[in-house]
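Residue numbers (our numbering), protein chains in the order written: chain A, 1 to 261; chain B, 1 to 324.
None of these hints come from the bench; they were simulated from the model.
Hints may contain errors.
[Said to hold, decoys possible] Partial pick of chain B residues on the chain A-facing surface, computed with a CB cut under 8 Å:
1. Ala143
2. Ile159
3. Val283
[Said to hold, decoys possible] If the Cβ cut is set under 8 Å, some of the chain B residues that face chain A in the computed set are:
4. Val136
5. Phe137
6. Ile140
7. Pro145
8. Leu151
9. Ala153
10. Phe157
11. Pro165
12. Val264
Bear in mind the structure is a predicted one, so any value in this text is a computation, not a measurement.
Glycine is no exception: its CB is placed at the ideal position from the N, C-alpha and C atoms.
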Amino acid sequence: MNKLLITGIIIISVLSIIAVFAPFVAPHDPNNIDEASLLTPPSGKYLLGTDQLGRDILSRMIYGARISLSVGLIAIGIATILGLILGSLSGYYGGILDNIIMRFTDIMLCFPTFFLILAVVAVWESSIFNIMVIIGLTSWMGVARLIRAEILSLKEREFIQAEKAIGASNLRIITRHLIPNAIGPILVNVTLGIAGAILLESGLSFLGLGIQPPTPSWGNILIEAKSTLGVAWWLTVFPGLAILITILGFNLISEGIRREL
Amino acid sequence: MLTYILRRLLGIIPLLLGITLISFFIIHLAPGKPTTMQEAMNPKVSLEVRERLNKLYGLDKPIHIQYINWLKMLLRFDFGRSISDGRPVTEKILERIPVTLTINILAMFLIFLIAIPLGVFSAVKSGSVFDKITTVFVFIFFAMPTFWLALLAMQFFGIRLGWLPISGIKSLDFEYFSWWKRFLDILWHLALPVAVSAITGLAGISRYMRHNMLEILNQPYITTARAKGLPERTVIYKHGLRNAILPIITILGLSIPGLLGGSVIFESIFALPGIGELFYKAVMMRDYFLIMAEVVLGALLTMIGNLIADIGYAYADPRIRYGK
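This is chain A alone, in the form it adopts within the complex (with noise of 0.2 Å):
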């Protein structure tokens, strides 16, 4: 293991453990109006300082941790299901499916991903879940196109030819062999994958488009810190900070990885 594997891994451990355990990690109720304290700088009572509604900004962070994690997990984990059966389909069966599945690949690579997803939010309601199942189905194409290519180099080598022989089945090549082969580059996709997951929903938030308040998310506080640039630094910086340490500690681990490869 390398530093930065190790540097990675703690930073996206401590913000998972701080996530899961948002209730007794967080000083406050993250929606509890303080209506004695709006907008007021960090101090020992709020330790990051407080909103235009006297709500705790660390508290919101804090449960906004579980948003960003949830939602770059799941859709990757979406995306990669999706990724690994097209792509092992191509890749293992070749012709016309393979033509098909690669031409698709190509036309959805062509959508720049952050126009489709504000489209389908214009026309879908924009929930946790919508917004989940969009990223995924908007970012597969990479795991497909790798673990394609990854097959077409292993499934004419002996020990895939020895397990044919012996009757295995397709899906047991595939799911036993072929996929745990190619396990190195498919984590690196992945932890880059939950980066950009995590970057695009604080985007969406951001604009407005994404979760929508009162559930706090890194990229809904920000919306506030546009509202009161110049009067409320601390409700720029924090949120901030989050998300760039949070996408700093995966893209971490997928440098770590690709370099132990």
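With chain A held as given, fit chain B onto it using these hints.
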């Protein structure tokens, strides 16, 4: 070369169909009709008016007929009329292009100007303090959400220091300026957006450049050049840099989807009248024809960018041209 280009051009046809199909059906499979928004804003709309509206936009026909009609319109570069103000969508988009284009070209120019030397020096002096510091910075900026950097810059340079305007593209008294002052005024307004966009874009390109350069400096022909007794400068800049820089040029084509997507957030933060901001408004208003048009155009631009990148690659590298 010609056969390669022809083959690639033929490959476009299924892509085009796929792009239009997806753009169309995302919008039309959603619950509610595009005209619902227009009706919702006006309670007086009667059933009769609603039917007339549906007829006007062709929404009373079966969905596949609607798709074919829309395709026919696309062939004439007619994207329909905007639901929010009734103007032709094409016109609305065309008037927004200069702003987005200017910002991206300026930002790209800055990026290449800084990222290429940065990447080259990091590679040449790999392992040095300079390399280590730039690597750390690049890593941090790579993880930085653009809109956050924009907010910080607005807060610091726009409000705290008061040096730069934080929104819009021209001053209030723009109309009274001479052309020279107008030019400066626009540049002054673009300074912050362009700088922020360039800084976040820098990271990726300089990393890529460093990687390319390192790879090339390890090639046998570089050793040969050194063995011939060529001065180190010639080896690095003539034999190394020229080869490392080629793939970077094609990055231009490949960065189109990211730039377009980014422009939505970017232009709405700085209130710049570009196509990103138009798209954002269209989404907020549920302006279906405008949304479909922008999605299709975004995908088309990406496709053309990829194509140019591939052809550029094939032009530079014969192995691709003759392969397969």
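Hint by hint, here is what the structure shows:
no.	hint	in the structure
1	Ala143	holds, 4 Å
2	Ile159	holds, 4 Å
3	Val283	holds, 4 Å
4	Val136	violated, 11 Å
5	Phe137	violated, 12 Å
6	Ile140	holds, 7 Å
7	Pro145	holds, 5 Å
8	Leu151	holds, 5 Å
9	Ala153	violated, 11 Å
10	Phe157	violated, 11 Å
11	Pro165	violated, 13 Å
12	Val264	holds, 6 Å
This entry does not satisfy hints 4, 5, 9, 10 and 11, going by the numbered hints stated previously.
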